[in-house]
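Q: Letter by letter, the chains look like this.
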Amino acid sequence: MSVSKDELLHIAKLANLKLNDNEIDKYLKNLEDILNYAEVIENAPIDDCTETIGANDNANAFRSDIVSEFDNIDGIFEIAPSTERNMFKIPKVIQ
Amino acid sequence: MSEMNRKEMILMEDDITRLTVHELVDKLNSNELTSEEITKAYIDRINEKEKDVNAFVTLTTDTALEKAKEMDKKRYSNNAEFSGNTKMRENLVGIPIGIKDNMCTTGVKTTCSSKMLENFVSPYNATVVDKVNDSGLISLGKLNMDEFAMGSSTEHSAMKITRNPWDLNKVPGGSSGGSAAAVASDMVPWALGSDTGGSIRQPASLCGVVGLKPTYGLVSRYGLVAFASSLDQIGPITKDVKDCAMLMNVIAGYDEKDSTSIDMPKVDYVSALKNDVKGLKIGVPKEFFGEGINEEVKDQLQKAIEIYKELGAEVEECSLNISEYALATYYIVSCAEASSNLGRFDGIRYGHRTENFSDLNELFVNSRTEGFGDEVKRRIILGTYVLSSGYYDAYYKKAQKVRTFVKKEFDKCFAKYDVLLTPTSPIPAFDIGSKSDNPLEMYLADICTVSINIANLCAISIPAGVTSDNMPVGMQLIGNRFTEATLLNTAYTFEQKTNFRDKYKPSFRREEK
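Protein chains in written order, with the numbering used here: chain A, 1 to 95; chain B, 1 to 513.
These are calculated hints, taken from the structure and not from any lab test. From a predicted model like this one, the values you see are computed outputs, not experimental measurements.
Dumping the calculated DSBU-like pairs for lysine-lysine here, alpha-carbon to alpha-carbon at most 30 Å: (1) A:K18 / B:K109; (2) B:K115 / A:K92; (3) B:K69 / B:K49; (4) B:K115 / A:K26; (5) B:K412 / B:K309.
Estimated spans, in silico, between C-beta atoms of each pair: (6) A:I73 / B:L360: 20 to 30 Å; (7) B:S358 / A:E84: 14 to 24 Å; (8) A:N86 / B:E287: 54 to 64 Å; (9) A:H10 / B:K266: 44 to 54 Å; (10) A:R63 / B:E287: 36 to 46 Å; (11) A:P45 / B:Y392: 14 to 24 Å; (12) A:N20 / B:D15: 46 to 56 Å.
Virtual Cβ for every residue (Gly too), placed ideally from N, Cα, C.
Generate coordinates for the entire structure from the input sequences, incorporating the hints supplied.
A: Quick look at the structure:
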């Protein structure tokens, strides 16, 4: 399985990452190695297997519909890179 | 006890830090030691050894000593507040601990060994951290790891490179390498680690200590920074099996804040230690002893098999041909989940924010590009690739089916055997730098451990012996879902017979190369 440079750049864009030329060469090689290794699953006898969805057999975890307040709202804003009043501050979206 | 008698009985500090937690608890209960003395001995040990081992990202030794004094008061006074506090498990009050740096702690940074979270202080505690605090345990600090727990050597930490106490030129394993190295070098009496594909067991194996990955759902993941949510579990890294059982008693249990945690009756893991494996059925899957497994590792495991036979267990070779399928599946599923989980790091609410942006999109991209290290980016890209349109069916969907296949194959084994015995790591600790340029080779270090996470089972690694070069070799015992009690007893019985800790200890050697 080989991955093209355009494909890698498309994937990086989807992942919100910017790659420099060194990284592009390195990751192309790494992806190819790993995907080639991953081809062993082609031979796995999985015809009668369904997909595993989630780790446990329990289908859902229900909770009572009760509000519980988080008691450290200040702590949330203290670690934000930029805030104003009780809001996170981001660059202007609509020019 | 008079001051005179006390002094006569006081141990040398190095002897104190060599003790297991259950031995420390005995000494606290008999007034031979105070929490302050124990904590001070550990702080002195850290001051001596940390410069060589580099296990800690953040030390909390300055507050630990104050807490120890407080815990001594709580332990010895008849203070009404304390005696009325049923949450305090009295026997562990005043014992130190170390915590892997991916579990959230208020007031102390949780960096995940990443530049992305370099200055992150969580506004809440992980449930395991609450449980540890409620038991009166004292944290000595946050322990180094591969960035976001992605790696098998702790070389992928953005903070520092942790060294193996048995040979300072070698890796401690990973990703809980700081936890395993700190326990092995007696800088903490025990530690918490996390395991997504072997991250507790493999470093425990490489550092000659005990590490348990509990069944998925037994320990709450609330407040554990997510890597691959369907595989992650928190577990103990300890000096011996009894300590492991004691720490499981502290951290196991249902948590309504983690909807994947299982509500089931509490088990006392310490009382499960019977020192008896007569009639226990142990399967030895031959595929785990094939190509790629170091000869000295095989030899040590062969000896362990003979010891189990002597102890009266029924040991039998069996077949379990899943390792390669499981490893490929692991890297597909875990990277897919990681690419989704790590999408939350956007530079807006917490974590690294770039200084270099002109619009919102640039803020996202540059914050992530600057904040994540090489291995994390590699896995995000691989995960995004296998989830992307056109490749989803070929990789992710197929991998989810292989996951079911791996579970079924294990089910067949557990219909016949109580426990499976394999190596933990195909090789003993390797040289720092020897695999860091070859990701695929590094991934192969997990070949014996990942299938347990893929099938949501439990497994423990305990020391089986050492190589001719005096490096520890770990044995992995695998149990069916929620059979930790059987697993711990199986490990305990072997440990009581072989006494690894009495025979071997780390040398802190550093050969010039």
